[in-house]
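Protein chains: 2
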Amino acid sequence: MRDARVTLVTLGVSDLARSAGFYEALGWTRTNAGNDKVVFVQGEGIVLSLFGVDDLAEDAGLSAEPLPRFRGIALAINLPSVAETDRLFARAVEAGADPVKRPETVFWGGYSGYFADPDGHLWELAHNPFFPLDADGRIDLTPPSEEPA
Amino acid sequence: MRDARVTLVTLGVSDLARSAGFYEALGWTRTNAGNDKVVFVQGEGIVLSLFGVDDLAEDAGLSAEPLPRFRGIALAINLPSVAETDRLFARAVEAGADPVKRPETVFWGGYSGYFADPDGHLWELAHNPFFPLDADGRIDLTPPSEEPA
Chain A
1105 MRDARVTLVT LGVSDLARSA GFYEALGWTR TNAGNDKVVF VQGEGIVLSL FGVDDLAEDA
1165 GLSAEPLPRF RGIALAINLP SVAETDRLFA RAVEAGADPV KRPETVFWGG YSGYFADPDG
1225 HLWELAHNPF FPLDADGRID LTPPSEEPA
Chain R
1105 MRDARVTLVT LGVSDLARSA GFYEALGWTR TNAGNDKVVF VQGEGIVLSL FGVDDLAEDA
1165 GLSAEPLPRF RGIALAINLP SVAETDRLFA RAVEAGADPV KRPETVFWGG YSGYFADPDG
1225 HLWELAHNPF FPLDADGRID LTPPSEEPA
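For the record, the sequence lines run as chains A and R. Mapping to the working numbering: the first sequence position 1 is 1105, numbers consecutive. Mapping to the working numbering: the second sequence position 4 is 1108, numbers consecutive.
It should be emphasised that the hints constitute simulated quantities derived from the structure, not laboratory data. Please note: incorrect hints may appear among the correct ones.
Treat identical chains as interchangeable: a pair holds within one or across any two.
When the alpha-carbon atoms are kept at most 25 Å apart in a straight line, the in silico SDA-like pairs for lysine to any residue are as follows [said to hold, decoys possible]:
(1) 1205 x 1240
(2) 1141 x 1172
(3) 1205 x 1171
(4) 1141 x 1129
(5) 1141 x 1239
(6) 1205 x 1246
(7) 1205 x 1172
(8) 1205 x 1158
(9) 1205 x 1138
(10) 1141 x 1246
(11) 1205 x 1162
(12) 1205 x 1170
(13) 1205 x 1159
(14) 1141 x 1106
(15) 1205 x 1118
(16) 1141 x 1184
(17) 1141 x 1194
(18) 1205 x 1239
(19) 1141 x 1233
(20) 1141 x 1191
From a predicted model like this one, the values you see are computed outputs, not experimental measurements.
Modelling step: build the complete structure from the supplied sequences, incorporating the hints.
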């Protein structure tokens, strides 16, 4: 399973300093790796690369068009309780996030909300009682666990 | 730093079975958690949630418009060598990925390529000699490491 991983996520941003400040305010650690074009912030076992959105498009050889609000993808942080979900959501909004959908109890039996970062990147914060977090705060759905409804 | 993490990434998809097959072919493990609306595939310390793209938009309370090819975000897998990068890129293309940019030596001294999954989600595969991988294959840029050029 060594190929199945995400070591880094590159977020195309319009203002490096603003984005670095936002993620620092959410608990990410700014690192010295980087330069005037890219800032790397370290999380638990994963890095966010904050990179000019036009630079990212160019790096991939794609054309940078205006981005829609919904981009078909959401990064998620699973939290151990409803209270922790509310706490981190409030922390994000305090840091300047757009509160796209405030956390609420959802049909599948969990508790979930969405915010967007300063460039519109969508994050979900969720407490899912069917997905226990391991000692490192990670989800492990294998071996077979109880199925959500 | 406990808030600074990504436990799960939700990818909006148009065909659950196709996407599940694609990620299984890339080494992710399909789990029993899920139903006819969502498939969870397990990776190393992170889960991909494959979810109907319209369902994801609705879940976030956003409107699902047609997605551009470039969406301002890339998931990345850092690999320990050029050869490993080529190997996994070939595995992805074999599984049906769109080879957006075949891996090549890049200006910052690394080796990088991009592919898109069946729904256009962008992945970068990279060998970055300045970002050593730890025993678990993760990047740790703190404490201070050597800066890339």
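First find the shortest C-alpha distance between residue 1205 and residue 1240 inside one copy, then the shortest across copies, and answer within, between, both or neither for a cut-off of 25 Å. So residue 1205 and residue 1240 fail the 25 Å test inside a copy (27 Å) and across (35 Å) alike.
I want to check one pair: residue 1205 and residue 1162. Are their C-alpha atoms no more than 25 Å apart within a copy, between two copies, both, or neither? between (32 Å within a copy, 11 Å between copies)
Copy assignment of residue 1141 with residue 1191, given that the CA separation must stay at most 25 Å: neither (32 Å within a copy, 29 Å between copies)
Up to 25 Å between alpha-carbons, please classify residue 1205 paired with residue 1158: within, between, both or neither. between (28 Å within a copy, 16 Å between copies)
Residue 1141 and residue 1239: within-copy, between-copy, both or neither at 25 Å Cα: Neither. Shortest intra-copy (36 Å) and inter-copy (29 Å) distances fail the 25 Å Cα cut-off.
Given identical chains, is residue 1141 near residue 1194, meaning Cα to Cα at most 25 Å, within a copy, between copies, both, or neither? Cα proximity of residue 1141 and residue 1194: none, with 30 Å in one copy and 30 Å across.
With identical chains treated as interchangeable, where does the CA-CA distance between residue 1205 and residue 1239 reach 25 Å or less: within a copy, between copies, both, or neither? Classified as neither: same-chain Cα gap 29 Å, cross-chain 38 Å, threshold 25 Å.
Under a CA distance limit of 25 Å, which applies to residue 1141 and residue 1172: within one copy, between copies, both, or neither? Intra 24 Å, inter 24 Å, cutoff 25 Å: intra and inter.
Within a copy, between copies, both or neither: which one fits residue 1205 and residue 1172 at a CA-CA cutoff of 25 Å? both (17 Å within a copy, 23 Å between copies)
Between copies, within a copy, both or neither: which fits residue 1141 and residue 1184 at Cα up to 25 Å? between (36 Å within a copy, 24 Å between copies)
Same-copy or cross-copy closeness of residue 1141 to residue 1129 [CA-CA at most 25 Å]: Within one copy only: 21 Å inside a chain, 35 Å across chains, cut-off 25 Å.
Intra- versus inter-subunit Cα pairing at 25 Å for residue 1141 with residue 1106: neither (30 Å within a copy, 27 Å between copies)
Comparing the model with each earlier hint shows violations of hints 1, 5, 6, 14, 17, 18 and 20; every other hint is respected.
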